[in-house]
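Numbered per my numbering, the sequence shown spans residues 3 to 244.
DMTMM-like cross-link-like pairs, simulated, lysine to aspartate or glutamate; straight-line CA separation at most 25 Å:
1) K240 with D162
2) K166 with D202
3) K146 with D38
4) K193 with E91
5) K104 with D38
6) K115 with E91
7) K5 with E91
8) K115 with D100
9) K166 with D38
10) K146 with D202
11) K193 with D216
12) K221 with E112
13) K166 with D41
14) K193 with D168
15) K240 with D168
16) K175 with E133
17) K240 with D216
18) K221 with D168
19) K221 with D173
20) K193 with E112
21) K193 with E133
22) K115 with D44
23) K175 with E134
24) K146 with D162
25) K104 with D162
26) K193 with D173
Distance ranges between label pairs, derived from CB positions:
27) N212 with A170: 18 to 26 Å
28) A170 with F15: 36 to 44 Å
29) N26 with A170: 15 to 23 Å
30) N26 with L242: 30 to 38 Å
31) A200 with Y58: 44 to 52 Å
32) F209 with T118: 46 to 54 Å
33) P80 with F232: 47 to 55 Å
34) I18 with N56: 15 to 23 Å
35) G236 with R50: 35 to 43 Å
36) Q86 with Q184: 20 to 28 Å
If you are wondering where the hints come from, they were derived from the structure by calculation, not from laboratory data.
Being a predicted model, the structure only gives us computed values, none of them experimental.
Where a beta carbon is used, it is the ideal one built from N, C-alpha and C, also for glycine.
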Amino acid sequence: TGKSADNYSLKQFPSIPIPNWQINYSGLSRISFLADMFDSFDVRHGYRSSYNVNGYTTLLQNNGTSGLVRDVDGDFLPFYQFSQVTIFEQFVPLFGMDMRFKNSMTANFEYRKSRTLSLSLLNSQLAQQAEEIIVLGFGYRTNKFRFPFGLFKSRKNSNDINFKLDVAIRDNKTLIYRADVQSAEVSSGAKNITLRPAIDYVINQRFNLNLFYDSNITKPYTSQSFNTSFTNFGINLKLLLQ
Numbered sequence: 003t004g005k006s007a008d009n010y011s012l013k014q015f016p017s018i019p020i021p022n023w024q025i026n027y028s029g030l031s032r033i034s035f036l037a038d039m040f041d042s043f044d045v046r047h048g049y050r051s052s053y054n055v056n057g058y059t060t061l062l063q064n065n066g067t068s069g070l071v072r073d074v075d076g077d078f079l080p081f082y083q084f085s086q087v088t089i090f091e092q093f094v095p096l097f098g099m100d101m102r103f104k105n106s107m108t109a110n111f112e113y114r115k116s117r118t119l120s121l122s123l124l125n126s127q128l129a130q131q132a133e134e135i136i137v138l139g140f141g142y143r144t145n146k147f148r149f150p151f152g153l154f155k156s157r158k159n160s161n162d163i164n165f166k167l168d169v170a171i172r173d174n175k176t177l178i179y180r181a182d183v184q185s186a187e188v189s190s191g192a193k194n195i196t197l198r199p200a201i202d203y204v205i206n207q208r209f210n211l212n213l214f215y216d217s218n219i220t221k222p223y224t225s226q227s228f229n230t231s232f233t234n235f236g237i238n239l240k241l242l243l244q
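Please put together the full structure from these sequences, using the hints given.
Below, the structure is given as structure tokens:
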């Protein structure tokens, strides 16, 4: 790493935890040229992390006064003996935006990133699970919907219609590092893309109409799984009983 090992702490349990944070800022809509287009413009950033030690024991052979205690094979004996150490960190999100336009249109964007490191001291193996997610969302709501075709083309209804479109791109991969192998091994993971548009229309006080479409495409990194793709679509008619 290019850093000196003399100043590095060898404590297994850090005395000062790494802080987590969440930052939200909603002042962009007060800027003059943005205020003409947006009712609200928020940006978000957050970070979470954790450090876990699973299954540790105290060795009786180590009296805690000397760092030169060895076993019968000549190996150093630590004061604590661990079976597994896990570090988890996540940006939730690394960068996010929520926008509401003057014309009742909404949009949001998120870029999330996370990583989990699991070190097993029983077999000298390190597992790294990394994930990146990009989320895009659009929405539009109006109570002055007009049919663009058919017999109702010239009729303007006062009922509410809500259109939503969600797109998510997810990439997760698990790598295994072994002490006796130079290159890492991909054990699992896949790329996934989802597309979910939906329309909600209020016909009257008793009937609600919902049109939905759901597309999911998955491409794995290993040969243990196959490429998959499925699509769901349909129409729901809800009757409200009062």
